[in-house]
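K.L.:
Make a model of the complete structure from these sequences and hints.
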Amino acid sequence: MKRALGFMAVTLAMCVSALAQDTITLGASVQETGALANTGRYYRDSYNFAVERINERGGVKVGGKTYTLGLKILDNQSDSNLSVRQYVQLLTQDKVNFLLGPFASDFALADSSVAEKYQVPMIQGGGASDQIFNRGYKYIFGTLPVASKYFESTIAMMGKLKPAPKSVALLYADDAFDVSVANGTRELIQKAGLKLVLDQRYSSNTSDFSTLISQLKSGNPDVILVSGHETEALNFVRQAKSLNLNPLMYSFTVGVPTADFRKALGKDSNYAFGMTPWVISSANKDAYFGNAEDFAKAYKARFGYDPDYHSASAVADVEAFVKAIEVAGTLEPTKVRDAISQVNFPSLYGTIAFNASGQISLPQTVIQVQNDQVKAIYSQSGMLAAPQYPMPHWDKR
Amino acid sequence: MQLLAQVLVNGVLLGGLYALMALGLALVWGVLNIVNLAHGALIMLGAYVGYYLFTLLDVDPFIALPIAMVVLFCVGYLLQAGILNLIARAAMFNTLLITFGIDVVLTQLAQMLFSADYRTINPGYAGANFMLFGITLPWVRVLAFAVALLLTLAMWLFLLHTRLGRGIRATAQNLGAARLYGVSPKRIYALTFGIGAALAGGAGDLYGVVSQINPYIGATLTAKSFAIAIIGGLESPLGVVVGGIFLGIVESLTALYIGPTFVDVASFGILVLVLIFRPNGLLGSTT
Amino acid sequence: MTLRTKFVLALAATLVLAALPWFAPPTLVQFGIATLLLATLAQGWNIIGGFTGYASFGNSVFFGLGSYGTAIAMVQWQLPFGVGLAFGVLLSVLFALVMGIPVLRLRGHYFAIATLALSQVMTAIVSNLEIAGRNIGLVLPLLNGDALFYELSLAVLVLATLTIFWISRSRFGFGLIAIRENEDAAASMGIDTTRYKVLAFALAGIFSALAGGIHAYWITFIDPVSAFDLSLNVKMIIMTVFGGPGSVLGPVIGAFVLSAISETLSTEVSSVASLFFGMVIVAAVIFMPRGLADLIRRFRKTGWRYFSENVRSHRL
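From first to last, the protein sequence lines are chains W, U and R.
Taking my numbering, I'd label the letters of the first sequence as residues 1 to 397.
Taking my numbering, I'd label the letters of the second sequence as residues 398 to 684.
Taking my numbering, I'd label the letters of the third sequence as residues 685 to 1000.
Computed far set for chain W versus chain U, every beta-carbon distance over 10 Å:
#1 N81
#2 E116
#3 N134
#4 Y288
#5 Q373
#6 G382
#7 Y389
#8 P392
Partial list, derived from the structure: chain W residues whose beta carbon lies under 8 Å from chain R:
#9 T33
#10 D75
#11 Q77
#12 L82
#13 V84
#14 R85
#15 V88
#16 Q89
#17 T92
#18 D106
#19 L109
#20 A110
#21 S113
#22 Q131
#23 R135
#24 D175
No wet-lab data here; the hints were simulated from the structure.
The model shown is predicted, which means the values in this text are computed figures rather than measured ones.
We treat Cβ as the ideally placed atom computed from N, Cα and C, and that holds for glycine.
P.N.:
In structure tokens, the structure reads:
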């Protein structure tokens, strides 16, 4: 009996080590619990989904040898200090080969220092703040578009609306990402010759907007641009309704593309403008998922909720690693890092290629909730659909 | 002028909801000497009760309010009878620690059961409003304010004029005194904590109508409740209402004149000042 | 055990700990840094909470000021780390003196809530300060030297523990304990309670600030929420109370044991780690409210009845 057990243990150990040899493991620490769990799950699910699919399609080929892709995800409990420690653990104890990112700019800011310290590339799809990329770090890559340009397409679209909006109010949360957005947006507003009637920073996680909304009512801007978190967008819309705030349009950096937003607000989500770097269209071809539309369907079937750009961005991170490893023909981190900086391939998320500072450049498509559906309204190529503008007064809906 | 008036009204209405949030905390603290760090989590649970009644059974949030209170009363009663009574005579740190532990457990369970999705209780009239002297008044906030006042009044009458209420007040002075009213201290403790939790549940239901809900809203609500309870004083429910409205106004004016990022500096700064200079609350006796 | 053997044992343990970076894997070193810093924080809390009996929620402010002092000096003024650390300690001591005098007049829960509010106020103030990078935070220069951070943390912990050892046998320490047991009586015995309490608060501040400064440089990024994290303060309390408040080594042992549990949970069961941690806290408070030190001392005599007796003596 003892011998049999011993034998089994040895075989098992051999299997494991054989498996380990042929596996390339990606590691990530994401928010599965804690305040950011709602968005963190997009990353957890998408990483898993992408890794599964890539393995089904034959894995990763490196120098004539086929590897399966492995994935190790830890829960950072929405605590950025813990996430830093977990990334070190992933590299030194779990011996993962490469790093995928967490959600949110402040996490990416902290965690990218681990990648830089250990000189192992991290591709992250959850942080867009300019600060992540302007420190001269070489091992951090990002697949969310540049924060300062989030409102670029929205402001371009505003030039084409009738009656043309003249005045703008800019509200933004005080975290790294939203301040980057606001700094960029301020310039864009000026360039477009619009009048900035209110330029207001507020605390992250503000739940009461009644004072701000009263100020907006008395300043009466044509357009309200809000750069904040999804919870804040939800509270803002609800309180705008209850205080009868009626601008010609309002737009939010985050929240609008998610199914959660529409579910939580119901009819009140209508007319809200937003943006997404990712359009669910069959034109976005993908080597593993067919195209973006097929991906969205498969994703919904697998996880029970609709994907948004966070999911697509996360999948793109995994695919970028596969591409870069195959091109590099080695698992050596520095070589793979160089290969990542050179990738250029189409994916369900769009064309993946990184600029000198390591960030993708993807244009934002303006979207609007129309009759409880998200509609793509405007992109670089022009109007895609008629915007519902100006938005009707709350009491006339 | 118009803007100032509107902002003041906003502050008062917000204050009513604040008061209801803090009422239960103040009761539990004042009577049981338990600083309940899980109070916000109880508000969160109340919000979820309201949410599920509304979305699954189509129950209007104002009708759901008493149901949420009953459910949370049971939760509170069980927590006190099953757990907190076990350490009622232990050192002060221990009640702080255990309520913190309970807060963590409740929050995590909420995420498992309800997911981290953002929810709202959104009946058709949720955004309805009316105008009075050029000031916009959201119906829901006005109603929430009225409910908060009513519950406070009810609490006050209950504590003053019922046998059980007098028993509870006596317990606040002296643990043994409860026996004089023919109730065992164990039951008084559990009942008091249950009532505190019920008030939190009611506040949560209303909170879900004006704001969004997720499992993690509790922490900030606990902190707010402390500020209100201390500013108003722990002695009487009416003080808590004054504290709530005071804080609502201060926050609104701070947001208007200094900036929205200074709201927390103002509210918690005032809390510290009140503690230092008038530890029994703004209305409390000065001794 | 005589004091002498205890001392020899502690010295041996310190030497083994000091040698750790030379043979342990990097993850363990990293875990070591985090744990040593937590133990230092717990010792800081031990001075004001364990000895003096004041349940401070303001120790995370000391940690935050230490972090920000170091970060501001290094990032905004390009000063060396050592100077930053000193600046952080200075800020923290100033805070202890200025806020300690009025706040330490409050007793019981009122003191706890006042310090809790102070930590909220400090978070909010720092997130409005240009020099502190507002709510965005500050990125510190990258230093690849975990062994250095480890030895530094160990040194600070040893310093803190020696200080507490001294406190436990000094007039000052007896004064603090007298305040804890009965403040009015202590005052009538001629103890200058205000001075004692403020001194204890400031001492706690020094060690917490040192831990904060080291942590900031090690983790390389700080923002107000992570620097003034209230749950860190709760951890200090839990570790101290779990280990044995008012003892010399209890908080250190509490920090090591609980860190090990929490680290194991967060890697093994990841997404239910916080749930378990919450349950551990609840269970620990119910069954061993006087900490590990008391458990070890009395368990041999009472056996399993220890737990039921605890419940019996504290329940209503």
